[in-house]
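**Student:** This is what each chain is made of:
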Amino acid sequence: MSTASIARTPVPDPGTASASVPALVLRGLTQRFGNVTAVDGLDLTVQPGEVVAFLGPNGAGKTSTLDMVLGLTRPTAGMVQVCGTTPRDAVDRGWISAVMQTGGLLKDLTVAETVELTASLFASHQPLDAVMERAGIAGIAERRVGKCSGGEQQRLRFAMALLSDPRLLVLDEPTTGMDVEGRRAFWGAIQADAQKGRTVIFATHYLEEADAYADRVVLVSRGRVVADGTAAQVRAMSSGRTVRATWPGATPAEVDRLGLLDGVESVSLTGSTVTAHTTDSDALARHLLTATPCRDLEVTARGLEDTFLALTQPTTFPQEQR
Amino acid sequence: MTATAQATQTTPTTPTTPMRTTTTASARPDQPPAVRRPLVNPTYLRLELRRLLRNRRTLIFSVLLPVVFVLSFSGAQSDPQGKAYVAINFAVYGAMVAAAVTGAAVSIDRSSGWSRQLRLTPLRPTSQVVTKVLTALVLAALPVVVVLGVGALMGGRLSAGEWLGAAAAAWLGAIPFAGLGLAVGYLVPAETAMQVIGAGMSLLAMVGGLFVPLSVFGTTMRHLAALTPAWGPSVLARYSFAHEASVGAGVTSIIVWGVLFAAAAAWLFRRDTARV
Numbered sequence: 001m002s003t004a005s006i007a008r009t010p011v012p013d014p015g016t017a018s019a020s021v022p023a024l025v026l027r028g029l030t031q032r033f034g035n036v037t038a039v040d041g042l043d044l045t046v047q048p049g050e051v052v053a054f055l056g057p058n059g060a061g062k063t064s065t066l067d068m069v070l071g072l073t074r075p076t077a078g079m080v081q082v083c084g085t086t087p088r089d090a091v092d093r094g095w096i097s098a099v100m101q102t103g104g105l106l107k108d109l110t111v112a113e114t115v116e117l118t119a120s121l122f123a124s125h126q127p128l129d130a131v132m133e134r135a136g137i138a139g140i141a142e143r144r145v146g147k148c149s150g151g152e153q154q155r156l157r158f159a160m161a162l163l164s165d166p167r168l169l170v171l172d173e174p175t176t177g178m179d180v181e182g183r184r185a186f187w188g189a190i191q192a193d194a195q196k197g198r199t200v201i202f203a204t205h206y207l208e209e210a211d212a213y214a215d216r217v218v219l220v221s222r223g224r225v226v227a228d229g230t231a232a233q234v235r236a237m238s239s240g241r242t243v244r245a246t247w248p249g250a251t252p253a254e255v256d257r258l259g260l261l262d263g264v265e266s267v268s269l270t271g272s273t274v275t276a277h278t279t280d281s282d283a284l285a286r287h288l289l290t291a292t293p294c295r296d297l298e299v300t301a302r303g304l305e306d307t308f309l310a311l312t313q314p315t316t317f318p319q320e321q322r
Numbered sequence: 001m002t003a004t005a006q007a008t009q010t011t012p013t014t015p016t017t018p019m020r021t022t023t024t025a026s027a028r029p030d031q032p033p034a035v036r037r038p039l040v041n042p043t044y045l046r047l048e049l050r051r052l053l054r055n056r057r058t059l060i061f062s063v064l065l066p067v068v069f070v071l072s073f074s075g076a077q078s079d080p081q082g083k084a085y086v087a088i089n090f091a092v093y094g095a096m097v098a099a100a101v102t103g104a105a106v107s108i109d110r111s112s113g114w115s116r117q118l119r120l121t122p123l124r125p126t127s128q129v130v131t132k133v134l135t136a137l138v139l140a141a142l143p144v145v146v147v148l149g150v151g152a153l154m155g156g157r158l159s160a161g162e163w164l165g166a167a168a169a170a171w172l173g174a175i176p177f178a179g180l181g182l183a184v185g186y187l188v189p190a191e192t193a194m195q196v197i198g199a200g201m202s203l204l205a206m207v208g209g210l211f212v213p214l215s216v217f218g219t220t221m222r223h224l225a226a227l228t229p230a231w232g233p234s235v236l237a238r239y240s241f242a243h244e245a246s247v248g249a250g251v252t253s254i255i256v257w258g259v260l261f262a263a264a265a266a267w268l269f270r271r272d273t274a275r276v
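As given, the protein sequences belong to chains A and B, one line each in that order.
Counting in the UniProt record's numbering, the first sequence runs without a single skipped number right up to 322 at its last residue.
Counting in the UniProt record's numbering, the second sequence runs without a single skipped number right up to 276 at its last residue.
One chain only, chain B, in its complex shape (with noise of 0.2 Å):
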């Protein structure tokens, strides 16, 4: 090391600074504390929204699947209620595949560095989330509008209460699959997330109920049909004809997936926060 040595033997110079004593330093007191920002920027959550409704593939298996299962299913029917049946099963399905691909699409953020790039922001990484599960509401809803759209012209006939209280079902019934898009956006790198959510959201609409009737399970996979995620929505959207399970069950159940996906996501997501 001679160059090093021939450098200099001064001792460093610069310990003249002041010393905060700990190293949690706080701001100085003249200095006005940081302004918090709002949880819901609307900004960002504009944003979002079109980001998502710019990608094909959310717009393809969220809206556009459901309702050429519904042109090709409702044929079938010969009543109109069964029309409003076929169409309502679809709605759900396509609100919950809206949420979880919204929430999944977390994994984006997180792989593009993006999420990263925020943390260089006074954004909340809790702001992030909120703003993840707005974004999963809103999309959910068009499938939900559309569906039931094509459901009625199509031949469905139901009361306008009905239809209503069929599409509330499926819209709030979709919050636990925002989470749990989330926290396979969290698990898993992008490519593989939407691919997951993809056949996962088939295989829970299965045994939920939304592409065969619970009927048709015999009664130890219908006990477990109800055991799973799907099944709140699926029963609630049809209850005002189908009677298939009491809405305490069902709201229960959507309650209950909300609070597990929700408390998987936040730990998913407390995970990468501390990493990133």
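The shape of chain A in the complex, shown without the other chains (with noise of 0.2 Å):
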């Protein structure tokens, strides 16, 4: 399978500036659990500030990937560089941070306390009450960790997380098990974080996140990248819009010669109601609304998650496992 990659904004020249070295690069990123293959290949480069998603079903491979970013674990094969260098030594300078998708607290320490005592590892660190008021767990500060609701609990993490004011910020699937409000709450945290520069990675696979929140969504299927671009572009990728409209007293073989037209791909007819796919939507709207009856004309893109499925679901689909 080949990776499909679209042209992003222009790489900065390297070397020129301490800026332009890229907050990761991964290269031939390769993990293997006996002869499962988890993640295959992976190349992946992103600069400084971008918001990037990792998206992709379970089983794709993204929680391997961070693992080796964060260096919990080693590549089989393949070349891992946080902020020019390795996962363990930016680690080590609080140039990357974490925040997990499940446990790591200690429920028989308070938020504040659990604040500190990540706090007092670093070398330097931001000031704990800025930290907390920004995580917005200031108000809960001197409560069990046992007794924070899950939201409470992830942005306690947040918290930890930004204690060190890292470059690049890892998410892994942040918002599992959230409610809405809570979801929404941690979003609008990170949303205010990331326009102050921060570099943001975080695998998900709710599509409406990496739309909402990612300048840029890499699409993850069994190990590789497999369409990587903004949101648009990637939606763009399964190419094709719907045109949907009113048809009155069509009759199935007018409706079928549509499928004549350039860029069709398929039309159907339900009621007096016209339903097409196509490359082409300008040609097809053009053509409904002068050559024929038809009225409240309707075009949509395909959603993100027609291309989600129509990218990571190929022929045969593949064993999950990780």
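Among the clues, some could well be false.
What the hints assert, rightly or not - Quick look at which bits of chain B chain A covers, simulated, 3 or more residues with Cβ under 8 Å:
id : segment
1  : 108-118
2  : 121-128
What the hints assert, rightly or not - Listed next, with one range per pair, are the computed distances between beta-carbon atoms:
id : chain 1 : residue 1 : chain 2 : residue 2 : range
3  : A       : Thr-102   : B       : Ala-266   : 26 to 32 Å
4  : A       : Gly-150   : B       : Ala-249   : 38 to 44 Å
5  : A       : Ala-138   : B       : Ala-199   : 41 to 47 Å
6  : A       : Glu-142   : B       : Ser-111   : 22 to 28 Å
7  : A       : Gly-150   : B       : Asn-55    : 22 to 28 Å
8  : A       : Glu-142   : B       : Val-145   : 28 to 34 Å
9  : A       : Ala-138   : B       : Glu-191   : 30 to 36 Å
Just so you know, the hints here were simulated from the structure itself, not pulled from any lab data.
Glycine residues also receive a C-beta, built at the ideal position from the N, C-alpha and C atoms.
Grab the two chains, each in its own frame, and use the hints to assemble them into the complex.
**Tutor:** Right, here's the structure in full:
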């Protein structure tokens, strides 16, 4: 399978300023567990300031990749570079931090104690009060972690990740198990933070999250990058729009003839509603409005959901493993 | 794969980035080296202690239970030295339980993902282990002081030097058990770890001569007892008046078991760190 890559913002000329050191470089990254290949020669470069969604179904290799980025596991083959150095060195310098999906907290400490302890492990850190304020946990500082809700625990993890003022923030499915309100609040905090120029990479299988919060969407399937671009570009890759219109008194023969127009992939008639999938919606719309009695014309892009399915579920569905 | 094919045929645009020649890219020359953190972090030590003290089960098994034993058994002893003897035995027992429980608590760090979280900080894994051992030492002092204090209140009489010697033997003799606790904590899940420690410590205390005098054992049994880990602190703590073995033999036993448990803990720790 070849990797489709969409041209993005040009890569700044390297070597001129330290800002041009990519936040993350992955080359041929591979992780095998026994004879299961979780990550299969993955290539990715993330520039400083990008907010990247790592989108893929469960078992696509997202967590395995992020574990290697964080230095928690060693790649079987390939290279990881974080801010121009090794993951472990980047962790030691506080350049990279992460909000993991679950766990990583001690129930018998309070929120404030957890933050204090984490801060004490770094050579230098942000003021605790400010960080807790930003993560929205200042009001629950004295609460035992075990008594916090899932959303509160996640905001605590976010606070812990902010302490070292990292250049690269990694979020592994950060809103799993959170309710809608909690999810919105969490992303609000992340977005406010990213606007200050922090590089953010988040793994998710929620399409709407990728669409709403990322500048760039990297679609992974079976341990490889299958698409890479803005949400709009990735969506456009499944190329095509749906054109729908009301055609009073349409006959099946008339409707079938639409299929002869350039770009039209399929046409159907339900009652008096014509639905067509096409790669050239402009031409079809023009035809329908000028050469037929159609009205109430509607053009919709195919959702990211359709793209996602088209790209991550090839002919044979892979055995999901991680 | 129509969608991918249709996307664009351009080759990946990214490799214009400078590539380091090796996979172990070193820090850029204009960056100062990462600051090495000290092995012992006072905040970490303090919060570890606070965590353990919040855990009622730790205190019940390492302090309350030995005190209850002293209260119930010293009544049966008529002479002041006999009362002190009971208190010393349970002080040794309390200290070894406290140390082992503290070490085994690392299983909670593992199962909760805390160990993993710590690996996203500059903290060295070795530092985590050293902090556990120090915490174990601090916590082991608690039953020693409390149990010997209760023993003295119950009428146990020894000279100040004898009390101090017994306290030191009980306290320092607990160090190997911190290693044993760590090894168990790295080996089995959190729920099992505490049960293993609870049962294991009672058994070791029994064969080490803490619950029944070594003199009631037969000759073979007494020789075997001398090869178990609680025997060292047990005979050393009672040395001033019981003289069951030489100081050298007791110290040797503690050191040998200390090294064995530390080696086991270190090996299991490495295995665990490689996997997390």
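**Student:** Taking the hints in turn, state whether each one holds.
**Tutor:** Hint check:
By the rule of at least three residues with a Cβ nearer than 8 Å to a Cβ of chain A, the coverage given for the segment 108-118 of chain B holds, with 8 such residues. Restraint check on the segment 121-128 of chain B versus chain A: 3 residues with Cβ-Cβ distances below 8 Å, three needed, restraint holds. The hint said 26 to 32 Å for the Cβ distance between Thr-102 of chain A and Ala-266 of chain B, and at roughly 29 Å that hint holds. In this structure the supplied range 38 to 44 Å is violated for Gly-150 of chain A paired with Ala-249 of chain B, their Cβ-Cβ distance being about 56 Å.
Taken as a hint, the range 41 to 47 Å holds for the pair Ala-138 of chain A and Ala-199 of chain B, whose Cβ atoms sit roughly 45 Å apart. Remark: the range hint 22 to 28 Å for Glu-142 of chain A to Ser-111 of chain B is upheld by a beta-carbon distance near 25 Å. About 24 Å separates the C-beta atoms of Gly-150 of chain A and Asn-55 of chain B, a value consistent with the hinted range of 22 to 28 Å. At roughly 30 Å, the beta-carbon separation of Glu-142 of chain A and Val-145 of chain B lies within the given 28 to 34 Å, and the hint holds.
For the hinted restraint 30 to 36 Å between Ala-138 of chain A and Glu-191 of chain B, the CB-CB distance of approximately 35 Å keeps it satisfied.
The structure is inconsistent with hint 4 alone, although it conforms to all the rest.
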